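Q: Taken in sequence, the protein lines are chains A and B. Be aware that the first sequence starts at 16, since it is given in my numbering, and climbs by one per residue. Be aware that the second sequence starts at 16, since it is given in my numbering, and climbs by one per residue.
Treat each hint with caution, since some may be false.
If several chains are the same, the list does not tell them apart, and a pair holds so long as it fits within one copy or across any two.
What the hints assert, rightly or not - With a Cα cut of at most 27 Å, we get these calculated DSSO-like pairs of lysine-lysine:
1. 61 x 337
2. 150 x 134
3. 328 x 384
4. 242 x 358
5. 174 x 153
6. 134 x 358
7. 358 x 61
8. 328 x 239
9. 242 x 155
10. 358 x 252
11. 337 x 150
12. 384 x 152
13. 174 x 358
14. 201 x 153
15. 252 x 239
16. 150 x 174
17. 77 x 155
Source of the hints: derived by calculation from the structure; they are not laboratory data. Fair warning: this is a prediction, and the values are worked out from it, not measured in the lab.
Protein chains: 2
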Amino acid sequence: MTIPQFPDLNPPTRILLGPGPGMTHPRVMRALTAPTLGHLDPELLKIYAEEQELLRYLFQTKNEWTFALSGTGTSGMEAALTNLIEPGDDVLSCIHGYFGARLAEIAERQSAHVDRIEKPLGQIFSLEEIESALKKKKYKLMTIIHAETSTGAEQLHIKEISAAAHKHGALIVLDTVTSLGGIPVKIDEWDIDMAYSGSQKNLGAPSGLAPITASPHAREVIEKRVKSISSFYLNLKQYANYWGGAHAYHHTASASLHFALREGLRVIAEEGQENAFARYRANAEILWSGLEALGVPPFIPLEYRLPSLTTAKVPAGCDPHKVRAQLLNEYNIEIAAGFGALKDEVWRIGLMGYSSRRENITLFLAALKELI
Amino acid sequence: MTIPQFPDLNPPTRILLGPGPGMTHPRVMRALTAPTLGHLDPELLKIYAEEQELLRYLFQTKNEWTFALSGTGTSGMEAALTNLIEPGDDVLSCIHGYFGARLAEIAERQSAHVDRIEKPLGQIFSLEEIESALKKKKYKLMTIIHAETSTGAEQLHIKEISAAAHKHGALIVLDTVTSLGGIPVKIDEWDIDMAYSGSQKNLGAPSGLAPITASPHAREVIEKRVKSISSFYLNLKQYANYWGGAHAYHHTASASLHFALREGLRVIAEEGQENAFARYRANAEILWSGLEALGVPPFIPLEYRLPSLTTAKVPAGCDPHKVRAQLLNEYNIEIAAGFGALKDEVWRIGLMGYSSRRENITLFLAALKELI
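The following block holds chain A by itself, in its conformation from the complex (with noise of 0.2 Å):
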């Protein structure tokens, strides 16, 4: 077997202003290389201690059960219905757009019974359509995406819907993998049973850690389970006491990432959340006046549209992807294409973290006026 052999790794510099990964603030990377601690490191448990309570200000939760798990916000998802379902449970997944999808998909691999509501891309749910479909079965929980990064649009009324849940006598699980950071989640006074998120986004870290995080109920309803968790590596219970209780060993994780996230998360303390949150509001109402200007406006009313990803459609005439691959191999810029039906239909540019910056939307402007 010949020994291959590769040179020098020398990736393009990219800006990133896609859906995620958002690009890697400096200080973050600056921490990726801190010297290596073992998993079980006195010194890496008293980084958990701190990224815990920079995770329960970020989700605004005193919820114990906070942690970073081992893989990427879809390991979030993953973990959040896994731990909470069991074989033969009803679930309610309300889709406006392909994580919605998802999520419902992972439920069924659970051997869960998903009844699906769904709204055409771009559009959200009203809280009485949402409370008509909890009042026709009792749920064991239902699943809702705070920020749909497949169209830009934010799911609003989570409080209320999640108060209908309840009601109702469901748990709820929020997906906010595209809103973390990015605009208020406010898990207690939301009353929110399971949230999750991705290091990525707009966390300014790279990919690979998922912040997740577990009411007291949440808790209480896998310590009631009657059949074992189908997944080890995602067992929230076994982080519980890897993190916290007896640090007792369940993974290797990684120093470097934690090293990292908590940079990520310090940055954003430093400055404030709800100062970061105007900030990239005031960004994003920037980059919305720049696409109207080119004829390219934001696909999303704003009464519910993202500041961190918009959807911008595509104008008459253009080859959507033609202007996407020039944009990344001509401008090192990365954009992303619409999802599914909207595929030819809208770009998805996002403004997450420490991509969110006068420079990128000005550069980013100019170009694609050059190119269309």
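Got chain A sorted already, so can you dock chain B onto it with the hints?
A: Here is chain B on its own, set in the frame of chain A:
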């Protein structure tokens, strides 16, 4: 809610001589901070293709399904079993330490019927013992650990065990977490159906990725499943369609970790893995004779003692945990306690990848001499 504020990250510089993570190679540290790429960037897909070639070299395989999963070695264990097992399948778990038992637990969480055969800690199986277990029932698969991280024993006769498994109609899943890159692993010559490892042991990279390889036969079994795989996150068919095929989005993989793993693998390929194995072995022999001279003899017979991980008998009258804490707190040297019943009997001393250097061994032996 008060905003948590923490000081600059400032972890101590540890010399990692435990059972993993090993020390991150300085070249890998530099690769980690290359500019972040999106998970569908053509430049990242090129890096995956290179990583695959390097992993195939390390695994000594032509398997098309050779990837690095976005999780730790434990995610590799779970992926191997979750993809192959359907509820009610009969599984034979050969247990000669903690990780063998963990595989049995993961198989049971997938609703398999698991039969266990066990050896006392520090022993390995004979071919006859495994063959006689295989004769008792028609198993769908058997699991075995190549290098038991809990004892430092190398399970010999893997090629013959694999032939016996196949003769009796069972697939073989081989755990190579502590062996890959440290001792020869010959997936094709041994006819192994599924094997996996972790990026943080002999590969010199941070934790967070799990190399995995599946034979065409394993792939066929997965493709002919009746029940869908319980995991979306660790679904190998979806990995195959992300790393290859349509390069369809599956999850937001961490470019930073892939930069790191590619570099760690490249370091090994430049030296040639046989040369690296010889160097590790020579270093281990220096450690072993040093330990003998201190009255801390290796616990595992030379015949099947791992060069990458040595269990050494704690001398009478010595508090192993106090010495371990002193090594960490006074010398910044990490070693580990024994596992389970060996907790107070042995230390576990790893020489993995970049940790396996003469200066580390000399320092460790000198420090240990000062403490016992």
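Q: Indicate, hint by hint, whether the structure satisfies it.
A: Outcome of the hint check:
1. When the C-alpha separation of residue 61 and residue 337 is checked against a cutoff of 27 Å, the pair qualifies only between copies, where the shortest distance is 20 Å, while the shortest distance within a copy is 49 Å.
2. Taking CA atoms no more than 27 Å apart as the test, residue 150 paired with residue 134 passes inside one copy only; the shortest distance there is 18 Å, against 56 Å between copies.
3. With identical chains, the CA atoms of residue 328 and residue 384 are at most 27 Å apart within one copy only, with a shortest distance of 14 Å there and 71 Å across copies.
4. For the identical chains of this complex, residue 242 and residue 358 are neighbours neither inside a copy (41 Å) nor across copies (31 Å), given an alpha-carbon limit of 27 Å.
5. Taking the closest pair of Cα atoms, residue 174 and residue 153 come within 27 Å of each other only inside a single copy of the chain (20 Å); across copies the shortest separation is 54 Å, beyond that limit.
6. Taking CA atoms no more than 27 Å apart as the test, residue 134 paired with residue 358 passes inside one copy only; the shortest distance there is 17 Å, against 57 Å between copies.
7. In this assembly of identical chains, the alpha carbons of residue 358 and residue 61 lie at most 27 Å apart only when taken from different copies (24 Å versus 45 Å within one copy).
8. Taking the shortest Cα distances, residue 328 and residue 239 never come within 27 Å of each other, neither inside one copy (48 Å) nor across copies (42 Å).
9. Taking identical chains as interchangeable, the C-alpha atoms of residue 242 and residue 155 lie at most 27 Å apart whether they share a chain (15 Å) or sit on different chains (23 Å).
10. Proximity of residue 358 to residue 252 under the C-alpha cut-off of 27 Å is restricted to the inter-copy arrangement: shortest distance 24 Å between copies versus 40 Å within a copy.
11. Proximity of residue 337 to residue 150 under the C-alpha cut-off of 27 Å is found in neither arrangement, the shortest distances being 47 Å within a copy and 60 Å between copies.
12. In this assembly of identical chains, the alpha carbons of residue 384 and residue 152 never lie at most 27 Å apart, being 52 Å within a copy and 69 Å across copies at closest.
13. Within a single copy, residue 174 and residue 358 get their C-alpha atoms no closer than 32 Å, and across copies no closer than 49 Å, so neither meets the 27 Å cut-off.
14. For the identical chains of this complex, residue 201 and residue 153 are intra-copy neighbours only, at 26 Å inside a copy versus 53 Å across copies, given an alpha-carbon limit of 27 Å.
15. With identical chains, the CA atoms of residue 252 and residue 239 are at most 27 Å apart within one copy only, with a shortest distance of 12 Å there and 33 Å across copies.
16. Taking the shortest Cα distances, residue 150 and residue 174 sit within 27 Å of each other inside one copy (18 Å), while across copies they are farther apart (59 Å).
17. Taking the closest pair of Cα atoms, residue 77 and residue 155 come within 27 Å of each other only inside a single copy of the chain (24 Å); across copies the shortest separation is 46 Å, beyond that limit.
In this structure, the earlier hints numbered 4, 8, 11, 12, 13 are contradicted, and the remaining ones agree with it.
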